[in-house]
Amino acid sequence: AIVWDEYLTGPFGLIAQYSLLKEHEVEKMFTLKPGRLPPADVKNIIFFVRPKLELMDIITDNVLREDRGRSPQRDFHILFVPRRSLLCEQWLKEQGVLGSFIHREQYSLDLIPFDGDLLSMESESAFKECYLESDQTSLYHAAKGLMTLQALYGTIPQIFGKGDCARHVANMMIRMKREFPGSQNSIFPVFDTLLLLDRNVDLLTPLATQLTYEGLIDEIYGIQNTYVKLPPEKFAPKKQGEGGKDLPTEPKKLQLNSAEELYAEIRDKNFNAVGSVLSKKAKIISAAFEERHHAKTVGEIKQFVSQLPHMQAARSSLANHTSIAELIKDITTSEDFFDNLTVEQEFMSGIDTDKVNNYIEDCIAQKHPLIKILRLVCLQSVCNSGLKQKVLDHYKREILQTYGYEHILTLNNLEKAGLLKPQTGGRNNYPTIRKTLRLWMDDVNEQNPNDISYVYSGYAPLSVRLAQLLARPGWRSIEEVLKMLPGPHFEERQQLPTGLQKKRQHGENRVTLVFFLGGVTYAEIAALRFLSQMEDGGTEYIIATTKLINGTTWIKSLMEKLEPAPF
Amino acid sequence: MSRVRADEEEYWHSSKFRAFTFDDEDDELSQLKESKRAVNSLRDIVDDDDDDLERVSWSGEPVGSISWSIKETASGSTSSLDGRDSSLQKGSSSYAALPKQASSYSLSSLFKGRNKLSSFQSLSDALTDTGVKNYAPELRRPKAEYKDYSSDWSPKDTVRRMQRGKVCSLERFRSLQDKLVLLDEAVAGHDGNVITAVLIFLKRTLRREILFRELEVRQVALCHLIHFLRETGEQKFLLDLLRFLDRTEEVALSQYREHLNIQDVEKRREFLKGCIGLPFSAEDTSHIQDHYTLLERQIIIEANDRHLEMAGQSELFRKYPRKASILNMPLVTTLFYSCFYHYTEAEGMFSSPTNLKKTFKIPDKQYVLTALAARAKLRAWGDVDALLTTKNWLGYTKKKAPIGFHRVVEILQRNNAPVQVLQEYVRLVEDVDTRLNLATKYKCHDVVIETYRDLKDRIQLTAYKSKVERGSAEEEKINNILSNMVRNAYS
Chain A
75 AIVWDEYLTG PFGLIAQYSL LKEHEVEKMF TLKPGRLPPA DVKNIIFFVR
125 PKLELMDIIT DNVLREDRGR SPQRDFHILF VPRRSLLCEQ WLKEQGVLGS
175 FIHREQYSLD LIPFDGDLLS MESESAFKEC YLESDQTSLY HAAKGLMTLQ
225 ALYGTIPQIF GKGDCARHVA NMMIRMKREF PGSQNSIFPV FDTLLLLDRN
275 VDLLTPLATQ LTYEGLIDEI YGIQNTYVKL PPEKFAPKKQ GEGGKDLPTE
325 PKKLQLNSAE ELYAEIRDKN FNAVGSVLSK KAKIISAAFE ERHHAKTVGE
375 IKQFVSQLPH MQAARSSLAN HTSIAELIKD ITTSEDFFDN LTVEQEFMSG
425 IDTDKVNNYI EDCIAQKHPL IKILRLVCLQ SVCNSGLKQK VLDHYKREIL
475 QTYGYEHILT LNNLEKAGLL KPQTGGRNNY PTIRKTLRLW MDDVNEQNPN
525 DISYVYSGYA PLSVRLAQLL ARPGWRSIEE VLKMLPGPHF EERQQLPTGL
575 QKKRQHGENR VTLVFFLGGV TYAEIAALRF LSQMEDGGTE YIIATTKLIN
625 GTTWIKSLME KLEPAPF
Chain B
3 MSRVRADEEE YWHSSKFRAF TFDDEDDELS QLKESKRAVN SLRDIVDDDD
53 DDLERVSWSG EPVGSISWSI KETASGSTSS LDGRDSSLQK GSSSYAALPK
103 QASSYSLSSL FKGRNKLSSF QSLSDALTDT GVKNYAPELR RPKAEYKDYS
153 SDWSPKDTVR RMQRGKVCSL ERFRSLQDKL VLLDEAVAGH DGNVITAVLI
203 FLKRTLRREI LFRELEVRQV ALCHLIHFLR ETGEQKFLLD LLRFLDRTEE
253 VALSQYREHL NIQDVEKRRE FLKGCIGLPF SAEDTSHIQD HYTLLERQII
303 IEANDRHLEM AGQSELFRKY PRKASILNMP LVTTLFYSCF YHYTEAEGMF
353 SSPTNLKKTF KIPDKQYVLT ALAARAKLRA WGDVDALLTT KNWLGYTKKK
403 APIGFHRVVE ILQRNNAPVQ VLQEYVRLVE DVDTRLNLAT KYKCHDVVIE
453 TYRDLKDRIQ LTAYKSKVER GSAEEEKINN ILSNMVRNAY S
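Quick note, the sequences are listed as chains A and B, same order.
Numbered per the numbering used here, the first sequence spans residues 75 to 641.
Numbered per the numbering used here, the second sequence spans residues 3 to 493.
Just so you know, not all the hints are guaranteed correct.
Said to hold, decoys possible - SDA-like, lysine to any residue: derived pairs with alpha carbons at most 20 Å apart: (1) A:Lys635 <-> B:Ile301; (2) A:Lys464 <-> B:Arg232; (3) B:Lys325 <-> B:Ile301; (4) B:Lys443 <-> A:Lys441; (5) B:Lys275 <-> B:Glu233; (6) A:Lys441 <-> B:Pro404; (7) B:Lys359 <-> A:Pro496; (8) A:Lys462 <-> A:Pro496; (9) A:Lys470 <-> B:Arg232; (10) A:Lys490 <-> B:Glu233.
Said to hold, decoys possible - Reference listing, derived: stretches of chain A covered by chain B, where coverage requires no fewer than 3 residues with Cβ under 8 Å from a Cβ of chain B: (11) 148-161; (12) 211-221; (13) 482-491; (14) 590-600.
No lab work stands behind these hints: they were computed from the structure.
Since this is a predicted model, take the numbers as computed values, not measurements.
Even for Gly, the Cβ is constructed at its ideal location relative to N, Cα and C.
Just chain B, with the same shape it has in the complex (with noise of 0.2 Å):
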């Protein structure tokens, strides 16, 4: 957190930020109870037609809608379709007779007056007539032209076809010219759908290098044929390319995306070593390196455990059995395991907390958090009290947490930590306010009196008195304080 409370408080009121609550002057929350109330008080008026408002079957389709009826006609029969039917139709009508009110803003004119059906016609209308019709004449010729009706289409006439949907045969454009400048049509066109299909056409015709050099001037031309070979899997022409236009990032990466491709682990392991070598950028180097290293362990580390697991020799395999192969899970989840299951282990070992920090360089935050959690879930303590202890060259010890003991109180709490390990951490915070808060969250009584204690605060600890058992030793602590502080102040 980066701001304390106490500071969040006062940042909300000077600053210029709205924070997102509800006004408080026009509770929400009662008003909302307030119209469900009077919602459901009005359930007993009315009677039971009004099943017919919204007619949908319990998955909450409207019936008639289209994925409903292909429940319907995938699983019933036609005899029981026959049956629905008067309801169906009664369904759509009824659905349809809601009271429809177009927003006043909404170009109401548009599409005014055409309830679902009649919309649709008229637009399926407009898209096949007015379309043939207005841009796009059917190409009639005389008959004396007709006799090379086939062969005598230019380029820009056959890209046009093809953007039609007409299929048109292409290999008539034999030279490289030809060729060309259909792929130059087909780019001006925009429709990428004729665009591939005329590169399938070239990639089939032409030679590699000639089509590669083309290409590269053709930048459009060239991310559809890159765009198509990455989609029919063509990975070695894609990475020939890639090569060929010096694209060695990309080059990389592409080969990289190969892994997930690759289910058997060991396969796996020697891809990754092999895209070591490949040309990323610096950064992403050595996040591959790692990506190999890392599952170089988790291979190593499963074998052990898998082994260790099925001997039922270790109680904490027995205890906590493994819910899943630590095998391709992401570091974190790793070291988590590694935590877990492999806490004491000397730095040495593969498996070991520590070595998995050293190799791969987890900053201390991190490591903190996940190893608490993960001791926290054993319900080892002293193994947390050992985590955030750090001892100074004089040989005092002190408790030090890089993630801030809220966090700390926060993970312990999520498991169960009873109060006598809960407070200690508490009792670290540093903010007052959120030591108060946290405190009094989690009961725990003597931090609060101590708190209160140190802020000389009599009618808040005067309050407190109500929160704790009567009779306790945290009332008489509060007493006591209490008429110490009495003393004090008249002394």
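So that you can see chain A by itself, here it is in the shape it has in the complex (with noise of 0.2 Å):
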């Protein structure tokens, strides 16, 4: 039997399915809670775990109680994902149970497929260990990932980076390459060149409200692991002859991804592009099926109903994203979502950030989420290259006299993150940066984009601007603004035997794989994506994270865990 950590469920739910694993002869599967084992008849107890010292303390307990009387006896094994941890199993001994275990061991699941062109490590706290802790393991296993997919795809010639994690990702490849020389492969390359950014060099694209479909889908429902979760009411029963049945209330579960394919057109869309496109494949549909009236031969019938099956999927397709944009818009029109954005939109083009704001304020006293209150002032703050020490300490002081005065913990752990920080030296670089990276578009075109900054109407994600004037012209028409950007960016070259190197096809486009260090959100990945669509761009890309985020799930995993509030 495998017991399993429960949030490594969902990932390896990606990469294998329970039929798999019981043709392994898994014979049962049980999540790791406190307490005694379930009874099941097998030898063999695998617990499948992070390295995380409360899970250990789980385990600890169930192997402490486990009937030692009982016969077969059974043996327990330990596999810890991504890595063993040396500091994991001298805590286990301390408890006295590591010698419980026959076999300890690791599966290094470094990068986890999520589609055709992204890939995550999946893992929550990379930004909070790097910034905050300064814990470099998953840069280390970010490095390690890398290996394993050169090794697979060939030697990647062209590395480019910007910011601290970033150089030290570099720095790590080239070190393990040069330790193992066997590393050099003859694989063709598939990458030219791989971008390593560092989340802190972006700060703002991941606080502001995304405004792709899938974005959105995110930001309201919280997609997780490609599932999504929605309020069941939009999806009643599809038969009116079941009456007698209740609505369901359990949520619905819906897999997102490009398989498919109404999905793969519509999920990096802007939301208010995405009615029309609806619209417009319910007349295909229905037209399609009106035409089994025209259908008068066997030969015609035969072709209808080969059809079927397929027309059948793109209709519960449709269906369900039908009510799902229905959902969301009912959230997009209401005046609070308006006026959240309107601050927003103001803010990074430029406007009053140097000043408290009173929406912000309006939403402190009304005990909005705070979280949603950290979004905000972080983005004000970030959009303005730190508060002004006035303004500052005004929103703390709201803050915790409103939601309770140990989040001063949280608004620590924020400043060390460079998110909520005084203004140092009175300038404000950003407008600077604004206007040299084109952040802000007046012009956006919703409907038929022509730029990224379609993803958040109006504003283009840094981080993607950056990838954009890699491939054209190059950094070295904005290194002014780099310099103002933290941490080094470089580049680097691994050499190629010579039989490898790439003779390019005039018109052939170039290979990039983003790894954005510290999380991407799904409109970066939009516009990235829309970047590799581009009929004159020149250049595909790939994407890889060490996790998917959104503004919510960043900050949540930079604040202090309190204790449950006594109600």
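The two chains are supplied separately, each in an independent frame; assemble them into the complex guided by the hints.
Structural data, given as structure tokens:
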């Protein structure tokens, strides 16, 4: 039997279905929780866990409560994902249970494929570890993941990077390569360029509300390991005849990826452009079903019937997305969503970033969720290169008085991460950065976009702009701005054996792997896909990251864990 | 609100900003409805088999997913599982058979043609095989060298072995010099797991002062040790370390954090009292002081009120029993509580709102907002009136709202204030458009009528007649005004 750390079931579900595990003689599976393990007539029990101390405590509890007298006696094994941890083993040893485990191994799962062009390590605390705790372990895993990727898809000849973490990862890759010369492989390289980007080079983008279809689904309902849980009301049972049945009360769970034709088409569109696509699709499907009336001959009928499964799939997919779009629209048309977005857009375009904002004050007074407040205040701080001391103190006081003094710890974390800080030197670099990188576009076209700024209805994500400018005309043109952003920027080359050097055909696209260290949002992914698609773009992008994030999950990962409130 | 509505309208039209709204010309809502209709109408065409499309259990989990089967195996017996087996297989295969079209712009060549299962296999193959083959070759030594196999590894080799998850004995690194080289190697490898392991070893085998001194010049290792101490809860060691490093603010915060682990309020209060003297930044010190004072107050208030409630003598507590204790609640919540249960108390009482306001220097705006919400909830309209009334030195009274009257109206409306109360404040909303908006929304007819009268807007006034009851006083009022307007126009 396998005992799962619940967090791991999501990512593992993406690479191995239960049927596969069953084929490999996994009899039963349980989730890890304290207490006695459920009875199961099995010889071997394997724990699949992340190396976390709190999980070790649960395992200890499991093992200690195991009935020694039972026969046959069960054997325990432990499998750490992604890495074996000496610290955890030490911990188990101190609890006196280390000896109970016959095998202690690791399953080095570094990068998990999420889609045809997207890989993630799903390491939720990577940003916090790197920037708050200066713990670079996740960077080590990132480097290892990149080595694996190179072993499969060839050495990447060019490495660019911006930021301290990027520099570290590049150094580690070079070092690993030097230490194991065997890594020189004879695979023709798939990637031309690797771009390593620190999340803290662009703290702004994740704070803003994503306005693509997929981004909004994530902002509102949260996508986890490509699955989303939605309120069931809009997904009522299909048939009228079963009137006796109650409405479903459990959330509706859907998988979202590009395997679904319709979703692939709309996921990266600005939400304002989704409705027209859906209605067009509805007309096409209606017409297709209408054709059955015109099918006269047996051949025609046969052809119609053969298309039926595909049409039905398309219909159910359309029904789902129409419902989701309705759910989202209810929110995007609400007054509060509008007000919130107005303030965000003011900040990003540089308006009134240096004084206390009335809307934020109002939200605090009405006790809106703390994370929402923190997102806005941090956004203002980032768009002003830090807040004036007086403004910062005012916000801090209001937050502490309304939400509790213990949040002083969270505010401190945000300050350390550079998200919320006093302005130093009295200089605000953001306007220069905004203008040089054209981060704010006035004439944004949401329906037929001509620039990446459509993903935030005006704001072009800084991170993606850096990728775009790297491809053309090159970073040399923006040296000044790069210097204003934190961390070094650099270029490295990895020598390829002569036989493997690419001779580019005219018009052939270059392939760039963009690795976001510290997380990436769906809107940024959409923007990169948009660049890949541009006819004269010349570059295709594959995206890798430590974690798929949005502003809320990101801020949450930086918040101090507080005891649950008494009610 | 920073901008009043009228400005806002103009703002959106004139400025370069784009509001996030749906295009009017292509009304999305109607499109959505349309497509929904279309989809629904299709349902009767298609037969029952459509369930084959998404073989998901009711929870929405695709059948065969890991978390689904955990539930299954945890609840069901083996036999029921066998019964399901065939559907499981079928389920997962039909799931995979969904039309799969890699997006045109994805690098489909990368993962091309690999469905979930095979990509798993190939990936895991890659991880195990190529990993070992290509850049992690097993160390194999000639037999001749085998005799000192376990003890001759250099610090570098040791670190490398540990990085690959092999257990190594570190005991043979005896001299300080050796230990430091080992640590530096570990840091250079960037693998936190190994760094921590080495640190645990050093922590056990070195004197504190020496360890601290050496870590001071090794920032990365230092961060790892701090993180480790925090994780394992070795608070005392951690504080010693931070003190040694003179990172006083961190010492303070780290100590303050401890209060979260203290459940007993008396002990927590004592602990917080001890925190006040810690070297926080100036700004934070005042917050910590406030935190302590607040909890101190809450303990007093809680004891009194619990007693009052139990005695059952106070009508207020009988009618509105407390939902929870006030202990450990934020300041604003406490203020609300005190405005609710202790509004009329004299300033000298710890539980009185005015006392809280003074002690914690709560800004006017915050105070009015909170008090308003509390009194409105009790439907104490007289208090609301008094709260918003100020007297000047001549004894004239005037209505003032630091939060703006539109907010007052919002709060009152949320507490179901009667129209008579509501309209008094709607009338005071300064911006005409906002006032009209609110008045129309909450049916404060008098305010609407008077506003149109002042605007001399005959057309709107005439139109509004249809909104009031026929034969009502309001209708008469409109008629009067309209005829007056005509007379004035001709005179």
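Evaluation of the provided hints:
1. Under the criterion of a C-alpha separation no larger than 20 Å, the hint pairing A:Lys635 with B:Ile301 is inconsistent with the structure, at around 24 Å.
2. For the hint linking A:Lys464 to B:Arg232, the alpha-carbon distance of about 32 Å lies beyond 20 Å, and the restraint is violated.
3. Straight-line distance between C-alpha atoms of B:Lys325 and B:Ile301 comes to about 17 Å, which keeps the hinted pair within the 20 Å bound.
4. Of the supplied pair hints, the one linking B:Lys443 and A:Lys441 is violated, its CA atoms being roughly 25 Å apart against a limit of 20 Å.
5. Distance check on the hinted pair: B:Lys275 and B:Glu233 sit about 25 Å apart at the alpha-carbon level, beyond 20 Å; violated.
6. Simply put, A:Lys441 and B:Pro404 have alpha-carbon atoms about 18 Å apart, close enough for the 20 Å limit, and the pair holds.
7. The suggested pairing of B:Lys359 with A:Pro496 is violated, with an alpha-carbon distance near 28 Å, which exceeds 20 Å.
8. Distance restraint check for A:Lys462 and A:Pro496: the Cα-Cα separation of roughly 6 Å lies within the 20 Å cut-off, and the hinted pair is therefore satisfied.
9. Of the pairs offered as hints, the one joining A:Lys470 and B:Arg232 is violated, with about 25 Å between alpha carbons and a cut-off of 20 Å exceeded.
10. Restraint check for A:Lys490 and B:Glu233: satisfied, since their Cα atoms lie roughly 19 Å apart, inside the 20 Å limit.
11. Residues of the stretch 148-161 of chain A lying with their CB closer than 8 Å to a CB of chain B number 5, which satisfies the three-residue condition for coverage.
12. With a threshold of 8 Å between beta carbons, the proposed coverage of the stretch 211-221 of chain A by chain B holds, since 5 of its residues qualify and at least three are required.
13. Given as covered by chain B, the stretch 482-491 of chain A passes the check, having 3 residues with a CB less than 8 Å from a CB of that chain where 3 are the minimum.
14. Counting residues of the stretch 590-600 of chain A whose CB lies closer than 8 Å to any CB of chain B gives 0, which falls below the minimum of 3, so the coverage claim is violated.
In summary, the structure is inconsistent with hints 1, 2, 4, 5, 7, 9, 14 from the numbered list given earlier, while agreeing with the others.
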